[in-house]
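K.L.:
Chain by chain, the residues:
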Amino acid sequence: METMESYSEKRRSSCGLAGLMNENGERMSGEKIINSISVMQERSSGLGGGFSAYGIYPDYSEQYAFHLIYENKGAKEKTEKYIGKNFDIIKDEAIPTREPKNSVSSPPILWRYFLDTKEGFSKEMAEKDFVMEKVMEINRGVEDAFVISSGKNMGIFKGVGFPRDIGRYYRLSEYEGYTWIAHGRFPTNTSGWWGGAHPFGLLDWSIAHNGEISSYGINRRALLDNGYHCALDTDSEVIAYLFDLLGRKHDLDFDTIADVLAAPFWEEIDREGKEMSLHRAIRITYGSELVNGPFAVIVGKQGKMVGLNDRIKLRPLVVGREGDMLYMASEESGIREVCHNPDRVWAPKAGEPVVGELR
Amino acid sequence: MGEEERSVNQSYLPSEFSVVREDDRCIRCEACVNQCPFDVHEYDAEEDEVKADESKCVSCHRCVTICPTDALTIKENELDFRENAHWSEESIKNIYKQAESGGALLSGMGNDKSMKDYFNHIVLNASQVTNPSIDPLREPMELRTHIGEKPEKLEIEKEGGERKLKTEIPPQLELDIPVMFAAMSFGSISYNAHMSIVKAAKKAGTFYNTGEGGLHEDLYEYGDNTIVQVASGRFGVHKEYLDAGKAVEIKIGQGAKPGIGGHLPGEKVSEEISETRMIPEGTDALSPAPHHDIYSIEDLRQLIYALKEATEYEKPVGVKIAAVHNSAPIATGIVRAGADYVVIDGIRGGTGAAPTAIRDNVGIPTPLATAVVDQRLREEGIRNEASLVVSGGIRSSADSIKAIALGADSVYIGTAALVALGCRLCQQCHTGKCPWGIATQDPNLTKRLNPKVGEKRISNLLRAWKLEFEEMLGGLGVNAIESLRGNREQLRGVGLNEVDLDTLGIKPAGEAW
Numbered sequence: 001m002e003t004m005e006s007y008s009e010k011r012r013s014s015c016g017l018a019g020l021m022n023e024n025g026e027r028m029s030g031e032k033i034i035n036s037i038s039v040m041q042e043r044s045s046g047l048g049g050g051f052s053a054y055g056i057y058p059d060y061s062e063q064y065a066f067h068l069i070y071e072n073k074g075a076k077e078k079t080e081k082y083i084g085k086n087f088d089i090i091k092d093e094a095i096p097t098r099e100p101k102n103s104v105s106s107p108p109i110l111w112r113y114f115l116d117t118k119e120g121f122s123k124e125m126a127e128k129d130f131v132m133e134k135v136m137e138i139n140r141g142v143e144d145a146f147v148i149s150s151g152k153n154m155g156i157f158k159g160v161g162f163p164r165d166i167g168r169y170y171r172l173s174e175y176e177g178y179t180w181i182a183h184g185r186f187p188t189n190t191s192g193w194w195g196g197a198h199p200f201g202l203l204d205w206s207i208a209h210n211g212e213i214s215s216y217g218i219n220r221r222a223l224l225d226n227g228y229h230c231a232l233d234t235d236s237e238v239i240a241y242l243f244d245l246l247g248r249k250h251d252l253d254f255d256t257i258a259d260v261l262a263a264p265f266w267e268e269i270d271r272e273g274k275e276m277s278l279h280r281a282i283r284i285t286y287g288s289e290l291v292n293g294p295f296a297v298i299v300g301k302q303g304k305m306v307g308l309n310d311r312i313k314l315r316p317l318v319v320g321r322e323g324d325m326l327y328m329a330s331e332e333s334g335i336r337e338v339c340h341n342p343d344r345v346w347a348p349k350a351g352e353p354v355v356g357e358l359r
Numbered sequence: 001m002g003e004e005e006r007s008v009n010q011s012y013l014p015s016e017f018s019v020v021r022e023d024d025r026c027i028r029c030e031a032c033v034n035q036c037p038f039d040v041h042e043y044d045a046e047e048d049e050v051k052a053d054e055s056k057c058v059s060c061h062r063c064v065t066i067c068p069t070d071a072l073t074i075k076e077n078e079l080d081f082r083e084n085a086h087w088s089e090e091s092i093k094n095i096y097k098q099a100e101s102g103g104a105l106l107s108g109m110g111n112d113k114s115m116k117d118y119f120n121h122i123v124l125n126a127s128q129v130t131n132p133s134i135d136p137l138r139e140p141m142e143l144r145t146h147i148g149e150k151p152e153k154l155e156i157e158k159e160g161g162e163r164k165l166k167t168e169i170p171p172q173l174e175l176d177i178p179v180m181f182a183a184m185s186f187g188s189i190s191y192n193a194h195m196s197i198v199k200a201a202k203k204a205g206t207f208y209n210t211g212e213g214g215l216h217e218d219l220y221e222y223g224d225n226t227i228v229q230v231a232s233g234r235f236g237v238h239k240e241y242l243d244a245g246k247a248v249e250i251k252i253g254q255g256a257k258p259g260i261g262g263h264l265p266g267e268k269v270s271e272e273i274s275e276t277r278m279i280p281e282g283t284d285a286l287s288p289a290p291h292h293d294i295y296s297i298e299d300l301r302q303l304i305y306a307l308k309e310a311t312e313y314e315k316p317v318g319v320k321i322a323a324v325h326n327s328a329p330i331a332t333g334i335v336r337a338g339a340d341y342v343v344i345d346g347i348r349g350g351t352g353a354a355p356t357a358i359r360d361n362v363g364i365p366t367p368l369a370t371a372v373v374d375q376r377l378r379e380e381g382i383r384n385e386a387s388l389v390v391s392g393g394i395r396s397s398a399d400s401i402k403a404i405a406l407g408a409d410s411v412y413i414g415t416a417a418l419v420a421l422g423c424r425l426c427q428q429c430h431t432g433k434c435p436w437g438i439a440t441q442d443p444n445l446t447k448r449l450n451p452k453v454g455e456k457r458i459s460n461l462l463r464a465w466k467l468e469f470e471e472m473l474g475g476l477g478v479n480a481i482e483s484l485r486g487n488r489e490q491l492r493g494v495g496l497n498e499v500d501l502d503t504l505g506i507k508p509a510g511e512a513w
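Protein chains in written order, with this note's numbering: chain A, 1 to 359; chain B, 1 to 513.
Derived from the structure by calculation, the hints contain no laboratory data. Watch out, some of these pointers could steer you wrong.
A partial selection of chain A residues facing chain B, derived with a Cβ cut-off under 7 Å [unchecked claim]:
(1) H250
(2) L278
(3) P294
Have a look at the derived ranges for each label pair, beta carbon to beta carbon [claimed, not checked]:
(4) A:E62 with B:G161: 28 to 38 Å
(5) B:K239 with A:G141: 49 to 59 Å
(6) B:E379 with A:A126: 36 to 46 Å
The structure presented is a predicted model; accordingly, all values stated were derived computationally and were not measured. Don't be surprised by glycine CBs; every beta carbon is placed ideally from N, CA and C.
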């Protein structure tokens, strides 16, 4: 036993990812995703674990569900005042948790709100821009308060601890969702703190990321030019915002987003011909949005889940299918653990997105 | 006061250099005598001795390089002035020069003063463990760069499942390496120097700039690698000229002499130059300090659009300014006036001739100007509307990559290319006597530069820089130059104060992300 313990304490590199989606919209409890991510526990260091889940709030499916982390009561009061000014609070409550155990300790105040915007918006884009702006303002402007998810009928549950312990702490087996994404963290650029765990969210996006973004400096500046403020001290945050910028504001589909974030090489583009092509235009236009460095990401949004690797696949990502179920994981073991007879298991190529969609 | 009245009989100026000749090595071949355009060396047949008039020596090293027996060494004149912390040797000598000539001091090349060299205080990052560095010998490493306006976003339509591009992409210069050759006119440099640069640009997949001297008819065939310049003198500007290049650049100013025009002395206006510039042979070519049709930003806009109209909106139109205090807001005005790229030329920028007082004291350093212009364009939300090209003192691949990480799309090099051709920075360009055949029109001197050899030397330089770029990018863990462009997180400052760091937008060395 002693050797096993010292083995599990040994620090090993990189993070673990898992995602599963029922494309038929059938909902499942959080048990399965906890099992999937937990089998890859040695990919995390106990300094961060988290989950996102879609379809979990059917009773409040029209409201923006805000999950908040507060370091103290003062932050909560300030934030609620701010929220009250901009939103009608339909319901708010503590996020249900168990007693912190094992790797989970000293949790912050965790609260959730179901919100309608006070102001009416004729266009969905304007409303979402408004919500995004408010999220940014809280994260940036209110000390010790962080919005960790802000989409409709979805939520992010994360903190410092191993994913299994975090999942138990948040009682995820009591929720039912059609998409679940999980992350086990092994931080190397910022210290482990509750807000810095993955997934990262904005509106209904959630992003679990394994990797390090060497282009972070320019990605961040390009996002700032578009009103996105990175406040969470981690490079992974930019991927969430890039998906929002490209997917929502620029209305690009996942194939095109993948072509931006993990762009094809000029050599391939030149083979398509010298004249202006879609890929050529993407590289000319979106150079600052190219995400360079090793990454595997699993991204969720309402009705969708997508997995993507960097342009030379420097991080693992395996995908499996069985019937209506789509599975993604850093390691095949994460899939096999919860899906004993997959129809197909494969490793997608560099820069090739795998997209799951609600039918 | 006429020249006669001004002349003094005796010069108090000591020689700047000593010519040391090891007589037992000297074979009296007179190579030095024939090669020195400044008439330093003289063969005394009577005494069978080669003598030197050291007062004329500029330390161009031509004689040293050409001497078949290595008999020559040039040293700084060891004559010591009495030590004075305020009155440097240079300041004393400058006063002698002015007291004896009554003229403004002139220099060639860029500012050589010891002001803080910001490039030397910036260091780059590299990958360790958490992201793998990439081996450029095994993996693709992309340096391709586009100069021109970029759309804010792309519109794509789906037609039967196929994605179709709806957005029209404005005209772009496509560079295989983010280094171009800065404007150096035919006139300031020789035909052979131009030909060397042009051919190297073509080989490397990049561009050279004609400068304001028009375009020699032999060079029209290199149009795909040419940027044609329109400066205040409008020399050699006509429809075919504008059509010949891939981009048009309006020159407002240059780093070596902000606010000052140009003056090509009549002695340099040979038959060929006269034809290319469209001015009479032997007349001085004067470029006014301002464009006399641009007295405001509105006027600049008119010229930008006049040039766009003339070239049917098929080419990017850029504007070059010297880096001065107000560069950042000026640059935003230029972009809003319709420029597709902006060139910022810093205080170390070179020249064929400039008043020394201006060269050494007017303008701001390239790295600072790069940082503030890029930042300001972003703050105003118009960074995509124009590319940023910076120049002025870029000596190496490292300087280039630092400028790019600070926010430039590409750099321009001038002096570095001339050094590749043999230039020793003796700063005598304005005399027209360049011993290396670069900054001269004297046929006896220009023939020293063989454009075939010149092309190879410059191409080799770019090839070497390309390899170094690739190594640096790979070491950082990125495989495309755009991931480093404006990525100031990959830079750190060493020995800079808080204000410098803040202006450059970089963190001090020692601070993590």
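K.L.:
Return the numbers of the hints above that this structure violates; sort them in rising order.
P.N.:
Hint 6 contradicted; others consistent.
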